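Protein sequences, first through last, are from chains V, G and F.
At position 278 of the first sequence (counting the first as 1) the number is 278 in the numbering used here, and the numbers step up by one without a gap.
Heads up, the numbering used here is the position in the second sequence plus 286, with the first residue counted as 1.
Heads up, the numbering used here is the position in the third sequence plus 544, with the first residue counted as 1.
No wet-lab data here; the hints were simulated from the structure.
From a predicted model like this one, the values you see are computed outputs, not experimental measurements.
There's no promise every hint is true.
What the hints assert, rightly or not - Here are the simulated lysine to any residue pairs, SDA-like style, with alpha carbons at most 20 angstroms apart:
id, chain 1, residue 1, chain 2, residue 2
1, G, K314, G, H439
2, V, K102, F, A562
3, V, K5, G, I518
4, V, K102, F, A805
5, V, K2, F, M723
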Amino acid sequence: MKKDKIIAAILTVTALSAISGLALITIFIFREGMPIILRTGGGEFFLSADWRPRDGSFGIFSMIIGSLAVTAGAMVIGMIFGLGLAIVLTQFAPPSLAAVLKPVVELLAGIPSVVYGFMGVVTLVPLIRNRLGGPGLSVLAASIVLGIMVLPTVTSISVDALQAVPRSFWEGSIALGATRWQTTRMVMLKAARSGIVAAAILGMGRAVGETMAVIMVAGNSIEIPGSILAPTRTLTSNIALEMGYASGAHREALFATGVTLFVIIMILNCVALSVSRRSARERSFR
Amino acid sequence: MNCPATPVEPRIETRDLCVSFAGKPALKEVNLCVYPCERLAIIGPASSGKTTFLRCLNRLNDLTHSFSHAGQVLFDGREIYAPGVDVSDLRRRIGMVYATPMPLPWSIYDNLAYGPKLAGIRNRVMLDERVETSLRSAALWEEVKDRLREPAHNLSGGQQQRMCLARVLALRPEALILDEPCSGLDPISTGKIEDALAELKSRHSIVLVTNNTKQAARSSDRTAFFLMGELIEVGATEQVFTNPVDKRTNDYLIGQFG
Amino acid sequence: MRLHPATTERAVVTLLWAMAGITICALAFIIIFILAHGLPHISREFLADSPRSMGREGGIFPMIVGSALVAGLAVLIAAPIGVATAIYLTEYTREGRLTAVIRFGADCLAGIPSIIFGLFGFVFFAIVLGMGLSVISGALTLTLMVLPTIIRTSEEAIRAVPQAYREVSYGVGSTRWQMVTRVVLRSALPGIGTGIILSLGRSISETAAVMLTAGSALRMPQSLLDSSRTLALHFYILSREGISMTNAYATASVLIIAILALNLFAYWLMSRFVARVR
């Protein structure tokens with residue numbers, strides 16, 4: 001009896017490690033990054049595109065735009081292919097094929113991001129340079145690589161959402177004479193809507209946060225990209241590229257870049273959590 | 287464990303036992319005794335509180351968060367809900383068999399040895415002995431003695447339920463409580479379990495919850511009738527079945543309540 | 545113009561299948577491309593030698609050791625914490641404010657990008673706790689990163705164990721802890737193992753967080769406080785700085801084979817788990 005109480009206490013304390021970890025990360029990222037944001041008054045830091053660490057000017061506007069551009073591109077590709085794959089897996093593929101395809105998609109998630117980046121460099125970048133012009137290292141290349149990388153996230157969460165729709169919805173629609181695609185479009189996707197939205201937001205979080213693959217294919221030049229064929233630098237790449245040799249205010253500015261990224265991610269996380277909680281609630285009402 | 291010729295002290299006794307789940311009453315002031323060496327059958331329609339009553343006796347209801355109770359449950363004269371009671375020990379002394387056979391996903395031997403091992407028995411020979419005697423008591427030994435290492439899931443439904451009975455017997459309990467143990471079984475398996483219970487009566491107090499009034503008539507000494515959380519009447523089985531005191535008991539026995 | 549539903553159906557289904565096909569082909573292409581260029585360069589010497597002249601020549605043995613140490617240690621620390629958290633959430637508490645906070649922590653942690661983990665590990669483990677750029681700093685950083693995965697998969701595996709097993713165990717007189725260790729964990733082990741192996745794979749693949757916390761020393765680490773370069777980071781540096789493309793391909797092949805093997809193993813474990821729970 002007493003032993004069980006001790007065990008329960010130990011488990012409780014251990015269970016708090018995830019939230020403590022999150023708290024520690026928040027505290028230390030902000031402690032390192034906030035001072036410079038407060039010193040420059042924020043406006044200059046976020047809204048100036050002038051990043052010249054040697055001269056002491058730190059503005060991350062171009063990187064914010066870079067992150068946004070690359071993420072938007074990635075979401076277009078990731079959502080079209082990821083959701084398409086989820087629909088095929090749940091609505092059209094025979095169960096035996098789906099059973100093979102699902103682990104294959106999960107394997108896609110296991111491949112190191114550096115390998116994706118590398119593949120982008122050796123195949124995609126020359127292709128873009130030769131066919132479409134520009135340096136090849138570009139928003140477009142980064143978007144395609146990231147799109148493939150977020151695909152497993154989007155697919156697996158969408159598959160879960162679609163599978164959670166009661167079988168009777170599908171049968172009811174088919175019984176009314178709807179084709180499979182009509183049923184998918186008008187019944188299944190509608191019923192699974194909030195799950196799919198959660199999938200998109202979590203995929204977006206992955207795209208915003210990805211670092212190594214983007215460094216390898218995006219070109220990393222500090223300027224606001226004028227077209228999808230222009231190179232760009234994202235928030236994540238900025239940190240990874242310069243952290244190795246930064247010190248003083250420069251390092252603080254990199255942590256401040258981290259703070260920006262952290263806030264964006266936490267907002268996306270919270271939205272995704274509330275959306276998926278809503279979809280769980282909808283499920284329990286059925 | 288010797289049983290006196292004329293039972294005097296009840297083995298299990300409930301005094302004004304009331305139970306509710308999340309405020310909804312499930313048992314109302316139940317006063318019922320179980321004597322040594324008897325088989326008490328509890329009958330009654332669905333959701334009349336039979337199973338709830340049974341699960342109070344070994345405190346299995348504690349696992350349900352919304353459970354609350356009032357009144358007393360005495361086992362050998364001691365309150366089982368008193369603070370400081372060793373619940374594990376209580377559950378070993380009052381062994382329970384569930385409605386559906388529920389083998390753990392292990393071998394037959396491991397299923398049977400699990401309880402004794404928890405009780406601290408490590409000695410191989412003693413464990414072997416426990417396994418064999420309890421399988422014999424449950425009339426299963428001859429069928430499984432050569433396949434004790436096989437997964438228990440391979441047994442037939444009736445064999446699984448007898449194994450579950452044996453698993454409880456391996457604890458050497460003083461009382462046995464069974465929750466509709468034959469509800470999913472064929473007549474032959476049911477007969478085997480009833481025979482085993484008749485045999486076990488000489489050493490244990492047995493409480494048998496059943497939906498099958500014929501089973502209660504066949505294999506119990508006394509019968510209690512529950513309706514909507516209340517104990518309507520209890521008496522010698524023959525008397526309850528041939529000449530019930532309460533009209534509601536009579537109605538149930540002739541098939542008034544599904 | 546309105547198309548006939550059957551025509552739309554055929555067009556859409558064809559399109560969807562084409563998209564599925566493209567995805568699978570892309571995956572197959574990546575794996576085959578890397579292996580085709582890399583496998584011919586993998587030899588016993590390549591695996592067992594130390595790198596020479598920045599990795600232009602020689603092998604990758606110290607990086608294999610570095611990856612194994614950093615990823616192995618991370619999972620070794622994260623697994624007990626994650627499984628304990630899952631046990632707490634499933635067996636020792638009711639859903640309430642505390643579980644909501646714990647779940648929120650795990651969910652948020654799961655969404656944080658690896659570069660942020662890297663920044664945190666760099667200030668906290670390497671500087672504040674004085675561990676420097678080292679195997680242990682890298683491992684502790686990755687511990688936090690894989691913790692949510694282990695919690696999530698363990699919780700799912702534990703919840704899949706039938707409730708009746710718990711009642712049976714209590715019925716024969718087990719305490720809660722005995723029930724958890726002897727019945728629940730025993731049944732959930734393959735599922736938990738799957739989560740742990742996938743986490744190991746993720747730790748081996750990780751680059752950004754490791755770069756900022758474990759450093760990139762080419763030497764063989766002599767202690768846990770030594771810096772060490774992992775395979776993924778070595779591959780990044782080789783290819784990015786154009787040191788040696790052949791060695792880059794070969795290193796990537798080793799990585800891919802390791803990930804493939806871990807995934808297959810996890811998949812096999814999972815199928816066993818599903819068979820057993822039924």
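Tested hints:
no.	hint	in the structure
1	G/K314 x G/H439	violated (39 angstroms)
2	V/K102 x F/A562	holds (16 angstroms)
3	V/K5 x G/I518	violated (41 angstroms)
4	V/K102 x F/A805	holds (17 angstroms)
5	V/K2 x F/M723	holds (16 angstroms)
Figure legend: structure checked against the earlier numbered hints; hints not met, in rising order: 1 and 3.
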